[in-house]
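**Q** Each chain, written out:
There are 2 protein chains.
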Amino acid sequence: MADTRSSERRRDALAEFVAIPSISSDPARADAMREAAAWVAAQLAFANGRVVESAGHPVVLGERIVLPGGPTVLIYGHYDVQPAGDERAWETPPFEPSIRDGRLYGRGATDDKGPVVVALEAGRANETVNLRFLVEGEEEVGSPSLPSFLGEHRHELAADLVVSADGAMWRAGEPSVAIAAKGLLGLDLVVDGPASDLHSGRHGGAVPNPNHSLAAIVASLHDADGRVAVPGFYDDVTELSTHDRDALARISFDADAYRRETGVLALDGEAGYSTLEHLWTRPTLEVNELRGGGPFTVIPSRATAHITCRLVPEQDPQRVFACIATHVEAVAHAAVRVSAEQQPGAVPAYAIPSDHPAVQAALSALHTVYADREPLLVRIGGTLPAAVLFERHLGLKTLLFSFSTADENLHAPNEFFRLERLDEGVAAWGELLRLLGG
Amino acid sequence: MADTRSSERRRDALAEFVAIPSISSDPARADAMREAAAWVAAQLAFANGRVVESAGHPVVLGERIVLPGGPTVLIYGHYDVQPAGDERAWETPPFEPSIRDGRLYGRGATDDKGPVVVALEAGRANETVNLRFLVEGEEEVGSPSLPSFLGEHRHELAADLVVSADGAMWRAGEPSVAIAAKGLLGLDLVVDGPASDLHSGRHGGAVPNPNHSLAAIVASLHDADGRVAVPGFYDDVTELSTHDRDALARISFDADAYRRETGVLALDGEAGYSTLEHLWTRPTLEVNELRGGGPFTVIPSRATAHITCRLVPEQDPQRVFACIATHVEAVAHAAVRVSAEQQPGAVPAYAIPSDHPAVQAALSALHTVYADREPLLVRIGGTLPAAVLFERHLGLKTLLFSFSTADENLHAPNEFFRLERLDEGVAAWGELLRLLGG
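For the record, the sequence lines run as chains A and B.
Here the first sequence is numbered in numbering that gives the first Met the number 0, starting from 0 and rising by one per residue.
Here the second sequence is numbered in numbering that gives the first Met the number 0, starting from 0 and rising by one per residue.
For the record, the hints were derived by calculation from the structure and aren't laboratory data.
All residues carry an ideal CB built from backbone N, CA and C; glycine is no exception.
Don't take every hint at face value.
Here are some chain B residues pointing at chain A (derived, C-beta under 7 angstroms) [as the list claims (entries may be wrong)]:
hint, residue
1, Arg-201
2, Gly-203
3, Ala-205
4, Leu-264
5, Leu-278
6, Val-286
7, Gly-380
8, Thr-382
Computed footprint of chain B on chain A, listed as stretches where at least three residues anywhere in the stretch have a Cβ under 8 angstroms from a Cβ of chain B [unchecked claim]:
hint, region
9, 269-279
10, 372-384
Bound-form chain A, shown alone (with noise of 0.2 angstroms):
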């Protein structure tokens, strides 16, 4: 599929890549952002690449106009990654490449790196559409840039396309390609009760627990069947089609097996909906966080819990913050204040039809590189907000085509990336990208 000169050059390429820090939420590392982002400038010289200073970490920009007037894809993927977190719980340095098994170890290596190398590598080879880049510093910290300056550089990113090398594929063995991702609410429960932490010998059973308030509303954000028990939580909520679930329930899953993987005794969810309808179609709501008090004799000041909802198209944020808040209004006990607070970065679910003839270009892509695997249209439980953003900045859809694998420890200790997925990744890209110019 690639010489051995090309495979070894874009490995040599990723582990350089990944061995730079660029830990977009640490102040500490800002040089490192640097390096990255001169480093992916550096690979973009085919296309003029440069660093654009935006309101917070410096964007690459980059294009190769191959047929002026014809179809132009914008490539999107990210060059920062997310802290290492415990560095005692990673087999070799997180900022050390290392090669095991077929497989490169390192932060970053699948988010978004690897991922990144080979747009960056098919992106040279193109001689069929005309590209541009936007390789951005943000992902990880919610892209809080990214509305402002796609506004501002817009002329710089006219395109008919988005193509996104972020966002991975489900399984390692399928490939497949992701219509749908979630979108995401966050909120932050307060239960204040006594004016300081009071000693619960002394008041208790006579003074209000926050901790006995946060968990009755808590216990009555879902029913017993598992739904969300907030009024009109689903109300904007499109049932899934026939054709839909009947399309979902061809896609073999193993949900016993999932229950293995997540060493849970017993899958959960809302009753009537398969396991992979929960996590692809339906919105949630999940408690990240409780918190109040502490392992001594106290009636805590305050009690508070962090939720995220993950959202379905036609759902708002806001709407949907305001049910909570009402619903938690409603329930919570007379004796404490009780405030429910919107965090900032809520983002709508996005989604890409699968009749969209990029869709349609990304499916034969991909099977024209696995030709002994049909390609699936899968959907995505997390959340893509620059898909979002593009969509709402500058009117254009997103292809979501990383090769990135679900599995491959995303934001967790001992990340890795397949390293058959550089030459598998490139001639994929190279197929969509001629289709795309076609």
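Could you slot chain B onto chain A? The hints should help.
**A** Chain B only, in chain A's frame:
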């Protein structure tokens, strides 16, 4: 009531004692613990004071037999203190005693060093009753070595009654004798879901979330009327007699002032009981801590709660724990693993009959010092393990006769002791010892 020189000596003694950072829970303070024990032993020179080793921190013993074969009182107190906590919350450093407005500020000033100085001073002046002394260094860590120490030294501790310098009076303006303290049962709930923390976008809605299960369990522990909803919890609880209810109703208690002091919107508690009945006579179940996950998009692997119950006489901590464990298992979501673990150190409630001669002597002694105020019989919502241990291991009742007051910031920043209570306390203890000598 006391000459100026006595008052000054008592104040200076208390300042010396408070300056010793005898934090029993801090291994780095072992030297200070020994220094505090030696300080107490030196004060007890009149009673052959001596530092005696125990399995943990040393105990100070002493005795002064003035009437061989006559009645003997064992005086109890403790020389250890709580950690200072957040030192920024202190107006003056916790171990640099500072006198302001007639109060001595410093960690341990009221719990229990001020009351111990009172007892030592009264003991020195006593000529009417045989005295023994036991001042321990582990009260703030649950007195783990005290049971075996009492067994090993029971001959040196032979007495007819214990009088405790620990256990605060109810309110500064109202002399009172506490005739009951609640028992303590501590337990932890652990809810385990997935084998590791999972991304709540990728897995939400399909994998059971321990935060949700924990909240449902905690919410099931009380009903809407504020009662503990654990079957069997109240089985052994004796309802207050009409006589006791009437006695409590005669005690002036401004529930609204208490509400304002604690800073809550409304008081809480079981329907059908007054606030004072809640605080003093009803068993409680308080969730001191909720903890699970973090402020990011995670389904945590584990969520935990720390719970303490305060028990009333007749309630057996083991039996109450068994009721809670059975209830938790019954209500837990089937998809998660739930365990309830009892903490060591459960203590039953303590009570002394209100017509016990020692209680009557205490009331009389208080009346002598505070001639214009009728002393009250009160109860304590907290727990006094030492009183339970003296009953269990020495067969002795304990009279609680502390000159600490509950508002003096016990276990909190800016702990203080009202200095006028030194002289008042010595006078009252002197009268009490005279009466006990009969």
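**Q** Would you list, in rising numerical order, the hints stated earlier that this structure does not obey?
**A** No hint contradicted; all consistent.
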